[in-house]
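*Asks:* Quick note, the sequences are listed as chains F and B, same order.
Take the position in the first sequence, starting the count at 1, then add 172; the result is the number in this note's numbering.
Take the position in the second sequence, starting the count at 1, then add 38; the result is the number in this note's numbering.
There could be a bad hint or two in this list.
[Claimed, not checked] Listing some non-contacts, in silico: residues in chain F with all C-beta distances to chain B over 10 Å: (1) Thr-192; (2) Arg-194; (3) Leu-233; (4) Gly-256.
[Stated by the list, open to error] Output of the computed footprint for chain B on chain F, the stretches with three or more beta carbons under 8 Å from beta carbons of chain B: (5) 178 to 190; (6) 239 to 252; (7) 264 to 277.
[What the hints assert, rightly or not] List of simulated lysine-lysine pairs, BS3-like, C-alpha gap at most 25 Å: (8) Lys-181/F <-> Lys-93/B; (9) Lys-272/F <-> Lys-181/F; (10) Lys-93/B <-> Lys-111/B; (11) Lys-111/B <-> Lys-272/F; (12) Lys-272/F <-> Lys-116/B; (13) Lys-93/B <-> Lys-272/F; (14) Lys-93/B <-> Lys-108/B.
Simulated from the structure, these hints should not be mistaken for lab results.
Every residue, glycine too, gets a C-beta built ideally from N, C-alpha and C.
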Amino acid sequence: DSGVTQTPKHLITATGQRVTLRCSPRSGDLSVYWYQQSLDQGLQFLIQYYNGEERAKGNILERFSAQQFPDLHSELNLSSLELGDSALYFCASSVGPRDKQYFGPGTRLTVT
Amino acid sequence: AQTVTQSQPEMSVQEAETVTLSCTYDTSESDYYLFWYKQPPSRQMILVIRQEAYKQQNATENRFSVNFQKAAKSFSLKISDSQLGDAAMYFCAYASGSRLTFGEGTQLTVNP
Chain F
173 DSGVTQTPKH
183 LITATGQRVT
193 LRCSPRSGDL
203 SVYWYQQSLD
213 QGLQFLIQYY
223 NGEERAKGNI
233 LERFSAQQFP
243 DLHSELNLSS
253 LELGDSALYF
263 CASSVGPRDK
273 QYFGPGTRLT
283 VT
Chain B
39 AQTVTQSQPE
49 MSVQEAETVT
59 LSCTYDTSES
69 DYYLFWYKQP
79 PSRQMILVIR
89 QEAYKQQNAT
99 ENRFSVNFQK
109 AAKSFSLKIS
119 DSQLGDAAMY
129 FCAYASGSRL
139 TFGEGTQLTV
149 NP
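Only chain B is shown next, with the shape it has when bound in the complex (with noise of 0.2 Å):
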C-alpha cells in the first residue's frame, strides 16, 4: 500500500523568508502524480502544485516550488516570499490511479 509522511507536524517562518516543507511516500509503482494541498482556517482544500512523476522537472507555480526526487521518493515544498496569507495546514498527497493518498498534514504559522 502506498503511504505518504509528513515528519513536520508544525512549521514556522518569518513573512518574506523562505520555508520548505518536507514529504516523503512508498510506493512500487513507476507511474504516479503527487501533490500539495493548502487547508486554511476555513478548511477548504486548495490545490496548491502538482508533480508528475515521469516529468524530471520540478514543478514550480509562482511561489511555490518542488524539489522532487524520484530515487529517494521524496517530495517537498518549498514557499517563496511567504506571505501571512501562506499560513494553513499543508497537505501532500500522492496518485497512481485516481484516489488520493494523503499525508498527515503539516501546520505552517507565518509570523509578522
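Chain F with its partners taken away, still in its complex shape (with noise of 0.2 Å):
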C-alpha cells in the first residue's frame, strides 16, 4: 500500500459524459501527480500540482481538467468523454517535484 488513494476504483460511462476522479496524496506530499495508461499511448504524464498551483502541464486534452484543493487532495475532470478515454488513470504523489512518487492504485475509465 503507497498510502496514495484514488476513487472510484472503477468507472463505466457513456460518451458524451463528464466525470470526476479523486486522489488523496501520502500524508505530508505535497505534489500529486496525474498519469494516463491507454494500451495504445502507453503511461503517458497529465498534470502535475504543487501545494494548491498547477506546476507543470503534459499531453492533457482541453476536455480534462485537475485542481488540487487546500486539503492538498486533488481531482481530474474528464468532460465530453469519447470511447478513446478509455484507460487506468493513476495519480501519483511525492514530498516534492523531485522526490520518489508513489503511484495509487488507479480509477479504471471505461466509455462505452
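Hints in hand, dock the two standalone chains.
*Replies:* Here it is in C-alpha cells:
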C-alpha cells in the first residue's frame, strides 16, 4: 500500500458524459501528479500540482482539467468523454517535485 | 524531448536465476533521475529503484540493482535470485523536472 488513495476504482460511463476522479496523496506529500495508461499510448504524464498550484502540464486534452484543493487532495475532471478516453488513470504523490513518486491503485475508466 | 526506450517487450527467467532488463534514454539535460517501476497483474505501480544522474555509484535495493552508464545513456535493471512474485511489467522512467517519462515496458515472466 503506497498510501495514495484513489476513488472510484472502476467507472463505466457513456460517450459525451463527464466524470470526476479523486486522489488523496500520502500524508505530508505536497505534489500530486496524474498519469494516463492506455493500450495505444502507454503511460503518459497529464498534469502536476504542488501545494495547490499547477506546476507542469503534459499531454492533457482541453476536455480534461484538474485541481488541487487546500487539503491537498486532487480531482481530475474528464468531460465530453470519447471511447478513446478509456484507460487506467493513476494519481501519484511526492513530498516535492523532485522526490520519489508513489502511485495510487488507479481508476479504470471505461467509456461505452 | 526526452525519450525512454525499452527494447525488450518480453523477457523470461527461471526462478532463482538472474535477469537483466535494458533501458536507454535520450536527453540533453545533465541533472535528472532514473527509475524502475514494477506493475504486477493488479496494475499497481510500484517503485523498485531510483538513481540520481549525478551519482556514479549504482543504486541497489535488496535483490534489485542497476547498471547506470551515463555516457551511454543506459540504465539496466538486474534482478538477482528471481522469485515468482517478480513476474510483472517493468517500466523504466526518466525525470529531469517533476514529470516522469516512461518507456514502453518489459513483460517479465518467471518460470518455476
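*Asks:* Hints broken by the structure, by number, lowest first?
*Replies:* 5, 6, 8
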